[in-house]
Amino acid sequence: MDDVRKKEILDKLAEAVVEYDEDLAKEWSQIALDEGLDAFEAIMNGLAAGMETVGDLYDKQEYFVPEMLMCADALYAGLDILRPHIKKEDQKKMGQVVIGTVQGDVHDIGKNIIKLMFDVGGFEVHDLGRDVPLEKFVEEQMKTDSEIVAMSAMMTTTMTGMKKVIEMIKEKNPNVAIMLGGAPVTQDVADLFGADGYAESAGNAVQEAIKMISQLRKLQEQG
Amino acid sequence: MSEMKPKERVVKLFKKEPIDVMPVFSGQGMVLIQAIQEMGIRFPQVHASAEYLAGSAIKTAEMFGFDALIIPYDMCTIPEAMGRGISLYEKSEEILYPTVPYKWDSLDDVKIPDDILERGRMPLVDEAIKIAKAYGDGKYAIGGWLLGPFTMAGQVYELDLLLKGLKKDKDRIEAFLSDMTDLVIKVAQHYEELGVDYISIREMGSGSDLISPRMWKTLIQPNLTKIFDSLKGPTVNHICGSTDLIVEMMNECGADAISVDHKNTIAETRRKIGNDVLLFGYFNPYDTLVTGDVADVEPEIKKNIDDGVDAVWPGCDLWPDVKRENVEVYVRTIREYGKKPSPAVGRLQ
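Chains V and A, in that order, are what the protein sequence lines are.
The numbering of the first sequence is this note's numbering, which starts it at 127 and goes up by one.
The numbering of the second sequence is this note's numbering, which starts it at 270 and goes up by one.
Hints may contain errors.
Stated by the list, open to error - Derived PhoX-like pairs (lysine-lysine); straight-line CA-CA distance at most 25 Å:
| no. | chain 1 | residue 1 | chain 2 | residue 2 |
| --- | --- | --- | --- | --- |
| 1 | V | K290 | A | K592 |
| 2 | A | K285 | V | K186 |
| 3 | A | K360 | V | K262 |
| 4 | A | K436 | V | K138 |
| 5 | A | K285 | A | K592 |
| 6 | A | K360 | V | K290 |
| 7 | V | K152 | A | K436 |
To be verified - According to the in silico footprint, chain V covers these stretches of chain A (three or more CB under 8 Å from chain V):
| no. | stretch |
| --- | --- |
| 8 | 276-284 |
| 9 | 350-363 |
| 10 | 434-448 |
| 11 | 479-493 |
To be verified - A few chain V residues that don't get close to chain A, going by computed Cβ distances all over 10 Å:
| no. | residue |
| --- | --- |
| 12 | D164 |
| 13 | E167 |
| 14 | E178 |
| 15 | V191 |
| 16 | P192 |
| 17 | G221 |
| 18 | F249 |
| 19 | K298 |
| 20 | V302 |
What the hints contain is simulated information worked out from the structure, not anything from laboratory work.
The beta-carbon is built from N, C-alpha and C at its ideal position, and this holds for glycine as well.
Excised from the complex, chain V in its bound form:
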């Protein structure tokens, strides 16, 4: 495939995400495969690159959460087609993550967007859903030996539950990385609770996710 055609396909994949066009994402993902474009490259430099543009549009307050959710749907539509075709050598073992919203919280938009980041990044994701009892995070981490536990709480009233989970997990395995997210979570709270990272809101979760995707893309470019 020549560079011009390759660029065209990648641009179309990015455009499908930015324009939240699921059909276009499916169509050009299939074209990418049919014409022999590497699936991993199509994901990272097509779909994920589109999500970076979405982040810029959110920064400029041209896009808000409804648009972001639709962009994420378009990304998943392409990802579902491309992911089974990633070459073995590109299937770098990124690790495993346990993710969920804590008990008392039924809001899972931020969690789902962070999940997308891990999916794009090639992680194996164990999604516990929402309103998850605290001990379930600990059990699932131990069962899967996941390197990351990501918890989200949108309500202040459920936030302190996170602290207990962190204590329980760190006590058993201090090397597990803990990510917190949700509207009431600030860096101060994350520090106070002993967490390793945080995202402030659904919007910020997207920003954080996009930053991580960008990092992954840079790593990939560096070989």
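Assemble chain A onto chain V, guided by the hints.
Using the frame of chain V, we list chain A on its own:
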């Protein structure tokens, strides 16, 4: 100058008549753990008993010197009456507010029962309002609150579908929001009939963190305006999160007061809306009263007043597990520093 009674202070504030001092109240839950413990009950028990609901509000107000009793506490009473269930977390050791376990994932399934006021805990809330109203010969102002139609919709219908539907399925979502608006009006009018002294409509899921100001104008503003037009008042239009871009539109909705949280640039808001509009806000109750140092409470409350609010309102429910000494400083600072007139409300000479 004689000291006003709590209810009188709040009622006159809404009329923008001179008062002795700024009242300590809000439009969100104000039940605190110290009161619940003194009653010898656990937090989950509060939500299922009219006596506990009213009793814990009264006990909290008496302990800390608040001017109003806020009922209900949780946002699930109406979704529960719509058949969406209730999780009370009775076995949890944490303090957890009830949540709605079952959301609809298709608009085709949405049904609003005609007898909603008789379902679930709705009669219990009515009873709690009556108990609170009768206490101390009507000593306290009674504040009722409801979710706004958009936030209510997100409680009973999957939120991601609702948000995407705003773009992809606009006509049906508009019809759904219109039904939610009529529901909010029906319940709010019922609370007015029961004699609450003010009603706060909390459209907290509609800030600019989530949806665009343009969407707010077309899908949120008309419904809020219809609600405030349908109520006798006083009413408060409360939105938390990012509100700088929509605060002027909030003010156009016709409520007697607007309320915002710490994400709002309040001094700028006061400049935008002028000095004649009742403006409430804006401290972060979790940071200020739960995790914060007691020494930081007084400067925070004073800053709220200096920035031009007519009543210092927390940006959200007071989280029950507060530090007692922080709440005491919060109340004392309002009582002392709130003796001076606020932009829209004078003081008795």
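Verification of the supplied hints:
With a C-alpha separation of about 19 Å, the suggested pairing of K290 (chain V) with K592 (chain A) holds against the 25 Å cut-off. This hinted pair does not check out: K285 (chain A) and K186 (chain V) have alpha carbons roughly 39 Å apart, beyond 25 Å. Note on K360 (chain A) and K262 (chain V): the hinted pairing holds, with a Cα-Cα distance of about 15 Å set against a maximum of 25 Å. Pair hint K436 (chain A) plus K138 (chain V) holds up; C-alpha atoms about 22 Å apart against a cutoff of 25 Å.
Simply put, K285 (chain A) and K592 (chain A) have alpha-carbon atoms about 32 Å apart, too far for the 25 Å limit, and the pair is violated. Among the hinted pairs, K360 (chain A) with K290 (chain V) is consistent with the structure: their alpha-carbon atoms are about 16 Å apart, no more than 25 Å. In summary, the hint linking K152 (chain V) to K436 (chain A) is supported, as the alpha carbons are separated by about 20 Å, within the 25 Å threshold. Here the stretch 276-284 of chain A counts 0 residues with a CB under 8 Å from a CB of chain V, which misses the bar of 3, and the coverage is violated.
Counting residues of the stretch 350-363 of chain A whose CB lies closer than 8 Å to any CB of chain V gives 4, which reaches the minimum of 3, so the coverage claim holds. For a cut-off of 8 Å, the count of residues in the stretch 434-448 of chain A with a CB near a CB of chain V stands at 3, and the three-residue condition holds. Check result for the stretch 479-493 of chain A against chain V: holds, 4 residues qualifying (beta carbon to beta carbon below 8 Å, three or more required). At the 10 Å boundary, the C-beta of D164 (chain V) stays outside the reach of chain A, the nearest C-beta of that chain being 31 Å off.
Separation of E167 (chain V) from chain A is adequate, the least Cβ-Cβ distance of about 29 Å exceeding the 10 Å criterion. The beta carbon of E178 (chain V) is kept farther than 10 Å from every beta carbon of chain A, the shortest such distance being approximately 20 Å. Interface exclusion of V191 (chain V) from chain A breaks down, the closest Cβ pair being 5 Å apart, not more than 10 Å. For P192 (chain V), the condition that its CB be more than 10 Å from all CB atoms of chain A is violated, with the nearest at approximately 4 Å.
Chain A leaves G221 (chain V) outside its interface by the beta-carbon criterion, the shortest separation being 26 Å against a cut-off of 10 Å. A cut-off of 10 Å between C-beta atoms confirms that F249 (chain V) is not in contact with chain A; the least separation is 21 Å. Under the 10 Å C-beta cut-off, the non-interface status given to K298 (chain V) relative to chain A holds; the minimum distance is some 20 Å. Annotated as non-interface, V302 (chain V) keeps its C-beta farther than 10 Å from every C-beta of chain A; the closest such distance is 22 Å.
This entry does not satisfy hints 2, 5, 8, 15, 16, going by the numbered hints stated previously.
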